[in-house]
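> For reference, the chains in residue letters:
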Amino acid sequence: DAGVIQSPRHEVTEMGQEVTLRCKPISGHDYLFWYRQTMMRGLELLIYFNNNVPIDDSGMPEDRFSAKMPNASFSTLKIQPSEPRDSAVYFCASSRQGGEPQHFGDGTRLSIL
Amino acid sequence: AQSVTQPDIHITVSEGASLELRCNYSYGATPYLFWYVQSPGQGLQLLLKYFSGDTLVQGIKGFEAEFKRSQSSFNLRKPSVHWSDAAEYFCAVVPPMVTGGGNKLTFGTGTQLKVEL
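Taken in order, these protein sequences are the chains called A and B.
In terms of our numbering, the first sequence has 38 at position 42, counting the first letter as 1, and numbering is strictly consecutive.
Each number in our numbering comes from the position in the second sequence (counting from 1) with 44 added on.
Any given hint could be a false lead.
Claimed, not checked - Away from chain B, derived, C-beta distances all over 12 Å, residues of chain A: (1) Gly24; (2) Pro57; (3) Glu58; (4) Glu79; (5) Arg81.
What the hints assert, rightly or not - Taking beta-carbon pairs under 8 Å as the criterion, some of the chain B residues facing chain A (in silico): (6) Tyr76; (7) Phe78; (8) Gln86; (9) Gly87; (10) Leu88; (11) Lys93; (12) Gly103; (13) Trp127; (14) Phe134; (15) Val138; (16) Lys148; (17) Leu149; (18) Phe151; (19) Thr153.
Note that these hints are calculated values from the structure, not bench results.
The C-beta atom is built at its ideal place from N, Cα and C for all residues, glycine as well.
Produce the entire structure from the sequences given, and follow the hints as far as they go.
Following this line, the structure appears as structure tokens:
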């Protein structure tokens, strides 16, 4: 089975530009998570969905960040406008029902110049 | 505050030596417990998990972890380390009685393992 698929793997853009990160979860997984990893703050949960519905977005840094899950096989994390401090590795993960281990994608390394 | 702690930021061991990575949690009840490994440029891979039952858990790549309720610990061990084990290791928990469903993971800060040949 294919794992969690994220695209792009790398993104370099100038500040002020819109950035869209994409994620395809594992088929049959009901939960989808977006994380951000930085040296300073480690791994942070940004938002998670259950059955395509956002459950907890308390980790989303500010209004410039938004996430959607239009269907069970696709999610996006959007940053608009982007800032240099948004530079990080963004991970998507998915899992089955509550408590089951999360499976991570390989991440998107985002650099905002 | 409820949290998960990995007290060692960096650990260096010689190839073939044994390894123990520490993880402590502070919750009123036993959370779900996980160890993940992250190789450079990669996502996180699950090594093992503990939900309940036998306190010694076997994982992939020859790793095991022991849950000790009295110490609120879930330390990761490997009898003989290979150079390919060099990576960052994260302990993670799903807090008990999480409201609203789901499995919101809280990660430790990670332990970077270096293996000397």
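> None of the hints should be skipped; say for each whether it holds.
Checked hints:
Distance to chain B confirms Gly24/A as a non-interface residue, since its nearest Cβ pair spans about 15 Å, more than 12 Å. For Pro57/A, the condition that its CB be more than 12 Å from all CB atoms of chain B holds, with the nearest at approximately 17 Å. Residue-level check passed: Glu58/A sits 20 Å from the nearest beta carbon of chain B, beyond 12 Å. Once the 12 Å rule is applied to beta carbons, Glu79/A is consistent with being away from chain B; the minimum gap is 24 Å.
The beta carbon of Arg81/A sits about 20 Å from the closest Cβ of chain B, which is more than 12 Å, so the claim that it is off the interface holds. A hinted interface residue such as Tyr76/B counts as satisfied when its beta carbon comes closer than 8 Å to some beta carbon of chain A; here the least separation is about 5 Å, so the hint holds. Contact between Phe78/B and chain A, as hinted, is supported at the beta carbon level, the nearest pair being about 6 Å apart and thus within 8 Å. Annotation: interface hint on Gln86/B holds; nearest CB of chain A at approximately 6 Å, less than 8 Å.
About 4 Å separates the beta-carbon of Gly87/B from the nearest beta-carbon of chain A, less than 8 Å, and the hint is met. A hinted interface residue such as Leu88/B counts as satisfied when its beta carbon comes closer than 8 Å to some beta carbon of chain A; here the least separation is about 4 Å, so the hint holds. With its C-beta approaching chain A no nearer than about 5 Å, Lys93/B sits inside the 8 Å limit, and its interface hint holds. Interface hint at Gly103/B: violated, since its Cβ lies 11 Å from the closest Cβ of chain A, which is beyond the 8 Å cut-off.
Violation of the interface hint for Trp127/B is found here, the shortest Cβ-Cβ separation to chain A being roughly 22 Å, above the 8 Å cut-off. Using the Cβ-Cβ criterion of 8 Å, the hint placing Phe134/B at the interface with chain A is satisfied: the shortest such distance is roughly 7 Å. The criterion of a C-beta within 8 Å of any C-beta in chain A is met by Val138/B, whose closest approach is roughly 6 Å, and the hint holds. Given hint, Lys148/B at the interface with chain A, holds; its Cβ is 6 Å from that chain's nearest Cβ, closer than 8 Å.
Annotation: Leu149/B was flagged as interfacial toward chain A, and the flag holds, the nearest CB pair being 6 Å apart, inside 8 Å. Hint status for Phe151/B: holds, given a least beta-carbon distance of 4 Å to chain A, under 8 Å. The beta carbon of Thr153/B is positioned within 8 Å of a beta carbon in chain A (closest approach about 5 Å), and the interface hint is therefore held.
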